[in-house]
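Fit chain B to the supplied structure of chain A, relying on the hints for placement.
Chain by chain, the residues:
There are 2 protein chains.
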Amino acid sequence: PDDRYPSRFGSEVLITRRLDPVVWGSASDGPLSEMELNFYTDNGYLHFDDLLTPEEVDTCLQELQRLRTDETIKHAEEAVIEPGSRELRSLFAVHRSSAVLKRLANHPKLVAIARQLLGSEVYIHQSRINYKGGFRGKEFYWHSDFETWHVEDGIPAMRMVSCSIALTANTPYNGPLMIIPGSHQRYVSCVGATPENHYKASLKQQDIGVPDDVSLSQLVQDFGITAPTGLAGSVTFFECNVMHGSNSNITPLPRSNVFLVFNSVDNTPVAPFCGLPPRPPFIAEREDFTPVGPARA
Amino acid sequence: PDDRYPSRFGSEVLITRRLDPVVWGSASDGPLSEMELNFYTDNGYLHFDDLLTPEEVDTCLQELQRLRTDETIKHAEEAVIEPGSRELRSLFAVHRSSAVLKRLANHPKLVAIARQLLGSEVYIHQSRINYKGGFRGKEFYWHSDFETWHVEDGIPAMRMVSCSIALTANTPYNGPLMIIPGSHQRYVSCVGATPENHYKASLKQQDIGVPDDVSLSQLVQDFGITAPTGLAGSVTFFECNVMHGSNSNITPLPRSNVFLVFNSVDNTPVAPFCGLPPRPPFIAEREDFTPVGPARA
Numbered sequence: 005p006d007d008r009y010p011s012r013f014g015s016e017v018l019i020t021r022r023l024d025p026v027v028w029g030s031a032s033d034g035p036l037s038e039m040e041l042n043f044y045t046d047n048g049y050l051h052f053d054d055l056l057t058p059e060e061v062d063t064c065l066q067e068l069q070r071l072r073t074d075e076t077i078k079h080a081e082e083a084v085i086e087p088g089s090r091e092l093r094s095l096f097a098v099h100r101s102s103a104v105l106k107r108l109a110n111h112p113k114l115v116a117i118a119r120q121l122l123g124s125e126v127y128i129h130q131s132r133i134n135y136k137g138g139f140r141g142k143e144f145y146w147h148s149d150f151e152t153w154h155v156e157d158g159i160p161a162m163r164m165v166s167c168s169i170a171l172t173a174n175t176p177y178n179g180p181l182m183i184i185p186g187s188h189q190r191y192v193s194c195v196g197a198t199p200e201n202h203y204k205a206s207l208k209q210q211d212i213g214v215p216d217d218v219s220l221s222q223l224v225q226d227f228g229i230t231a232p233t234g235l236a237g238s239v240t241f242f243e244c245n246v247m248h249g250s251n252s253n254i255t256p257l258p259r260s261n262v263f264l265v266f267n268s269v270d271n272t273p274v275a276p277f278c279g280l281p282p283r284p285p286f287i288a289e290r291e292d293f294t295p296v297g298p299a300r301a
Numbered sequence: 005p006d007d008r009y010p011s012r013f014g015s016e017v018l019i020t021r022r023l024d025p026v027v028w029g030s031a032s033d034g035p036l037s038e039m040e041l042n043f044y045t046d047n048g049y050l051h052f053d054d055l056l057t058p059e060e061v062d063t064c065l066q067e068l069q070r071l072r073t074d075e076t077i078k079h080a081e082e083a084v085i086e087p088g089s090r091e092l093r094s095l096f097a098v099h100r101s102s103a104v105l106k107r108l109a110n111h112p113k114l115v116a117i118a119r120q121l122l123g124s125e126v127y128i129h130q131s132r133i134n135y136k137g138g139f140r141g142k143e144f145y146w147h148s149d150f151e152t153w154h155v156e157d158g159i160p161a162m163r164m165v166s167c168s169i170a171l172t173a174n175t176p177y178n179g180p181l182m183i184i185p186g187s188h189q190r191y192v193s194c195v196g197a198t199p200e201n202h203y204k205a206s207l208k209q210q211d212i213g214v215p216d217d218v219s220l221s222q223l224v225q226d227f228g229i230t231a232p233t234g235l236a237g238s239v240t241f242f243e244c245n246v247m248h249g250s251n252s253n254i255t256p257l258p259r260s261n262v263f264l265v266f267n268s269v270d271n272t273p274v275a276p277f278c279g280l281p282p283r284p285p286f287i288a289e290r291e292d293f294t295p296v297g298p299a300r301a
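Quick mapping for you: the protein sequence lines, in order, are chains A and B. Quick note on numbering: the first sequence equals residues 5 to 301 in my numbering. Quick note on numbering: the second sequence equals residues 5 to 301 in my numbering.
Chain A with its partners taken away, still in its complex shape (with noise of 0.2 Å):
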């Protein structure tokens, strides 16, 4: 199918505009208001204080410290180590391994905002926790995920949300997500040819498909920066292409949280626009696009 978002085409960089709807339902089909869906539209993410109960929390930050703890896990193919600590940084797919996180994926508040946003049923693109340590907490360099979605998995359309359930409290001083809002309705094409095999590598620090200096500026100064912090329990919605990262974290305060990819079950994968095989089925679905959530009345 036709590439409508070309991206790593040799050393051309280029800012073009988004050529997709942003909110792809409306109002009366719940449960965000007209105001809500006009914030995100504008600034590609909405925040969430209390969303969950302090329960659901706590299951969910119990079963976050079960996992890290698992000597066997850290082994899976899932599982991303911290290079210097042996420390368990990343584990993917955690809605299908994990019974307690594949009730979160499916968690009527959080399905119906995702089907709202997209328009239709939704299914898990991806899922994974992050657990950032305190003290020597790494950076996430500034990215648009769709980019790396469209190109390395061939998602068609920016037809995806991402969901931040934070597990411990998100500061100002505790290398909080950034985004930049509004640069959702731009899309950076990022210079360089993607790897063979280059998840391997980019879940531990990305350096190809993101953004060169000048576009990063020119979003910045167009746009500002925020960083949304709350209690562990608080929810971020972020929209596919808007540009986000993180800084480094030396406080003690760990950082956690769940990270859950809907996508709208008529946006699913064709083949990858870089024309290397797809990343592995853990990383990006391209199978099971069975919807999550309640059945639709």
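Hints in this document: simulated from the structure, not taken from any laboratory. The structure presented is a predicted model; accordingly, all values stated were derived computationally and were not measured. Each residue gets a CB set at the ideal place from its N, CA and C atoms; glycine is no exception. One thing to keep in mind: the hints can contain errors.
These stretches of chain A come out as covered by chain B in the derived footprint (C-beta under 8 Å, 3 or more residues) [unchecked claim]:
#1 172 to 179
#2 215 to 221
#3 241 to 255
Chain B alone, transformed into the frame defined by chain A:
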């Protein structure tokens, strides 16, 4: 003389009480009020948004740009170069080499505050400009300046104050100075022995003379973290023993500042308490204790 603040003697970690006053002068000395002095006693820092005029700030900023782009300066021993980019990261002893920054080090407003806090005439123990670039600016791990100045430079007592003059905006996002307010009331001894010529490595990345994880967690639990932010020209005075550090900076916004360390003329250095030769004079003054600022009435 007596080592009242032992550190780096083997593997023992100890948090002890501060043995010196925090404020050595009094409110009647001016310009700081009783309330400001109390804030400094409790928190170990004071932040001012507009102590300097925009013209003064602009002059310093131009001087910074001049120094940064002077290729000969990068080869000076006073220069610290960013390992990757070969860019200037810090330049020491700028109150000697630059007429503009010498004037700043003698600024009546800055010196008056330093005199009041230290209760005496003051001289410059160390001065430098710091340039933390955007995109790939590195973190500075937590440390007490006094720990190093005591162990490696032989400063006997906690009667010093640092003054950081922002030459670019400090935002919550570009790796601002983080302070553990109140931590100056305790002394965290560090493990490990000081290697010879430690300053050559420690200016790039410090691993000796940094607090252990348990001590840091204790301090943050007891005192929390704060990060004074402000526009270019804002000034932060912070006590020599307050624990501070900064995260990385992936934003396009560089963070530049001038850093002046005032010491009391009654607290001049003796032989370093680590038993090694002292650091070079461009990092730690040990000969010229001429007071800065206008002559006292």
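Here is how each hint holds up against the structure:
Evaluation of the coverage hint for the stretch 172 to 179 of chain A: fulfilled, as 4 residues show C-beta separations to chain B shorter than 8 Å, against a requirement of three. Note: the stretch 215 to 221 of chain A has 3 residues with beta-carbon separation from chain B under 8 Å; the three-residue rule is met and the coverage holds. Taking a C-beta to C-beta cut-off of 8 Å, the stretch 241 to 255 of chain A contributes 7 residues in contact with chain B, enough for the three needed, and the coverage statement holds.
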